[in-house]
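K.L.:
Letter by letter, the chains look like this.
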Amino acid sequence: MNARAPASDRSRHRAPGRVALWIACTLLAASLVAGIGVGALRVPPLQALSVLLAKCGLPAPAGFTAQQEAVLLYIRLPRVLVGALVGAALSMSGAALQGLFRNPLVEPGLIGVTAGASLAVAVAIVAGPALALSAFTPILLPVAAFGGALAVTLVVLRLGSAARSTDVALLLLAGIALNALGFAATGLLTFLANDGQLRDLTFWMLGGLGGATWSALCWVGPLLLLPLVLLPRESRGLNVLLLGENEARHLGVPVERLKKRLVALVALGAGAAVSIAGAIGFVGLVVPHIVRLRLGPDHRVLLPVAGVLGAALVVGADLIARTVAAPAELPIGVLTALVGAPFFLWLLLRARARARNP
Amino acid sequence: MIRIRTTSMCLFSLLFAARAHAAGDAAAASESPAPAGERGVASTVDSARIVTLGAPITEIVAALGLGDRIVGVDSTSTYPSELLDRPRVGFYSKVSAEGVLSLAPSLVLADADAGPEVALEQIRAAGTPIVRVDAAVDVAGAQERIRAIASTLDRVAEGDALIAGMCADLAETRALVDSSDATPPRVLFLYARGAGTLHVAGTASTADTMIQLAGATNAVTGFEGFKPLTSECVVSAAPDVVLMLRSSVDSVGGADHVFELPGLAHTPAARSRALVAVDDHLLLGFGPRLGQGALALARALRRLPEPAASSSP
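So the sequence lines, in the order shown, correspond to chains Y and E. Quick note: the first sequence uses numbering that gives the first Met the number 0, first residue 0, plus one each step. Quick note: the second sequence uses numbering that gives the first Met the number 0, first residue 0, plus one each step.
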C-alpha cells in the first residue's frame, strides 16, 4: 500500500494491525511467564514470585531455596530474554529481507549469515589452537560467528552491487554462491578437524540457548536490539519498494541507501542471533509468512508483529525443548519447526479453501 | 528419532572421545583447574545423590556398590542394567544445567569431556559440587580413574578390590595369550553406524589398545586414530578377523551383511567368516570391566579358526 495513504484508508488498515500486535504481545507475555515459571526444576509460582521480589529488594511472600533462586535468576531468566531477542531479530530480519527481495523464499541465511558464521566458527575451532587463540576461548566462538556472518554478508552485498545500483537478483545469486562456498569450506575444515574439534563443531551447529547467561546477554543484547529498533523505521520504504524498484525510486525513496541499510541491519541482528544460539531455522522464514497471510504485506504492521511473534515462538519452543525430555534437552531448531510448521500449514490450507469458495 | 540420535551420538563419542583425550589431556586439565578438594582426595563431598556424566563413571560408581545413590545418568550410560531406569540428562557433553539440578544432586561426577562449560558453571554456581574425572585411554588411566572416584566417594577399599579384579582378568588374558603358540591373528576394528558410516581403527586408538591387550595384532598400521574406511585400505590390511561393536553389527543389518561392506569380501576374514562382536562399553569404555573386555576378546579370538587355515586359498 502507499505510504501516503489517506487517513481513512490508514485507519482501516491500522486497526487490525493494532489488534494483531496486542494479540502477539499477549502471546509473548504468556510465553515469557511460562518460560520463567516452568522448567525441569519445579519452582512453584509463589516461590518464583518471591525470588523475583526478593531480588528487587521487596519483601518476599514465601521462602525459597538457594537452588531455586539460582535456577530462576541465573539460568532461566537470561535464557528466556536471549530467546526472545533472538526470535525477534531472526523473524524481523526475515520479514525485512522478504520485503527487500520481494521474494517469499528469502531468509537471513540466504544472504550468507549462517554460512559465514559456520565457516568462522569452524576456522576458530580447527585453527584456533594453531593461532594461539585459546586464550580467548569463552568469547571466541560468538565473536567468530558474528564476524563471519557480517563479513560474508558484506561480500554478498558487494558482489550484488553493480556499477551504480544493487541488483537484487544478483544479490540473491551471490548469496547462494557464497553459501555453497562457505558450507564447502566448512565441510573441508570438518574433514581436517581432529575428533574433539569435530564434536565441538557438531554441537555448535546443533544450536540452542544453553549458552545464554547474563554476561552473554550484555554482549549480544545491544546487537540484537539495534535492528529491532531500527528496522521498523524502514517499513514505509519497504512498502513503497513492493511496487518495484524503479517505481520506488520515482516516488522519492532512496532505494540504494535503503537496501544497504536493510542488509547491514539484518546481518547485525541475524549474525548476533547465530553467534549466541547457533542456527535456529524456520523462524526467519515462516513467521513473517504467517503474519503476511493474516495481515497482508504492510510492513508497518508486518515488522513489529513478526518480531513479537518470532520472540514468542522461540521462547515457547525453547520451553518445550527443555521440558519435554527433561532432564535432557532437545535441539531447539527441531522444536521451532515442530511448533510452527503445522500452524503454517493450517493457515495455508485455510487460505486455499477461502480462495476456492470465496 | 531422538533415541536414534542419542545412540548414534554416544557411539560417535565412544569412538572418538578417547582419542581426543590422548591429545588434549593436558589441555583439559589446565583449562578446568579443579578447586582444591574437587579432584581426587576424599573430602567433605556429600555423595547421597549422585549424577554421573559419562558411561565409565557410571559403571565405576555402580561397581563400587553405590549404584543406588545414582539419581541421574547421561545418555551414554547403558550399563549396568539396574540403572537403566534412572532419569537421563542427555548426552554428557551437552547437558542442561537445570535438567541436572532438577534431580537435586548433592554431587556431580563428570567426565573430563562433559559440558558445556557454561552449564557446569551454572550447576556449580547453584551450589552443587562437580568432580571432574580424567579420561582413560589405557590400563593405567582406567585404574587411576577408579582410584580417583573411589577416594572421592570414600570407598578406597572397594576401589582397590576393583583394580585387583581388573589386574587378575588381565593376567588371565596374558596367560591365555602366552599358552597359545599360533601366530597372533591380524584384527581389523571396524566401526559402523549404518553401512554409510564406516571407520577403521589405526594405531594409537582405543581399539588398538584392546586388540593388543587381547594378544592380537592390529591389521591396520598406516595411520593413527580412526579414519573412514576405504576398500583398498581394508584389502591391503588383509585381516584374519573383523572386530566390531555389537551396535555396529546391528547398524549394518546383522552379521550376515558385514562381509558385504566395501572391500571386506576380499579379506582372509571373509573366507572364514571370522567376525567378533563385543559389547560397546565392554570393549571401548575403559571402565571397571576393562579386564573382562580384554579377556572376552582374547577368548573370542581363540575360538576362531586358525588364521593359517583360513588364509589358504
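Take these hints with a grain of salt, some might be off.
Said to hold, decoys possible - Pairwise CB distance ranges (calculated):
| hint | chain 1 | residue 1 | chain 2 | residue 2 | range |
| --- | --- | --- | --- | --- | --- |
| 1 | E | 167 | Y | 64 | 25 to 31 Å |
| 2 | Y | 59 | E | 203 | 31 to 37 Å |
| 3 | E | 86 | Y | 182 | 33 to 39 Å |
| 4 | E | 196 | Y | 351 | 39 to 45 Å |
| 5 | Y | 57 | E | 195 | 29 to 35 Å |
Quick caveat, the hints were computed from the structure, so don't treat them as lab data. The beta carbon of each residue, even a glycine, is placed where N, CA and C say it ideally should be.
K.L.:
Indicate, hint by hint, whether the structure satisfies it.
P.N.:
Evaluation of the provided hints:
1. Separated by about 47 Å at the C-beta atoms, residue 167/E and residue 64/Y break the suggested range of 25 to 31 Å.
2. Hint check: residue 59/Y to residue 203/E, Cβ distance near 58 Å, so the stated range 31 to 37 Å is violated.
3. A beta carbon spacing of about 37 Å between residue 86/E and residue 182/Y agrees with the range 33 to 39 Å that was offered as a hint.
4. Distance hint check: the CB atoms of residue 196/E and residue 351/Y are about 41 Å apart, consistent with the given range 39 to 45 Å.
5. Checked against the given bound of 29 to 35 Å, the beta carbons of residue 57/Y and residue 195/E, roughly 59 Å apart, lie outside it.
The earlier numbered hints that this structure contradicts are 1, 2 and 5.
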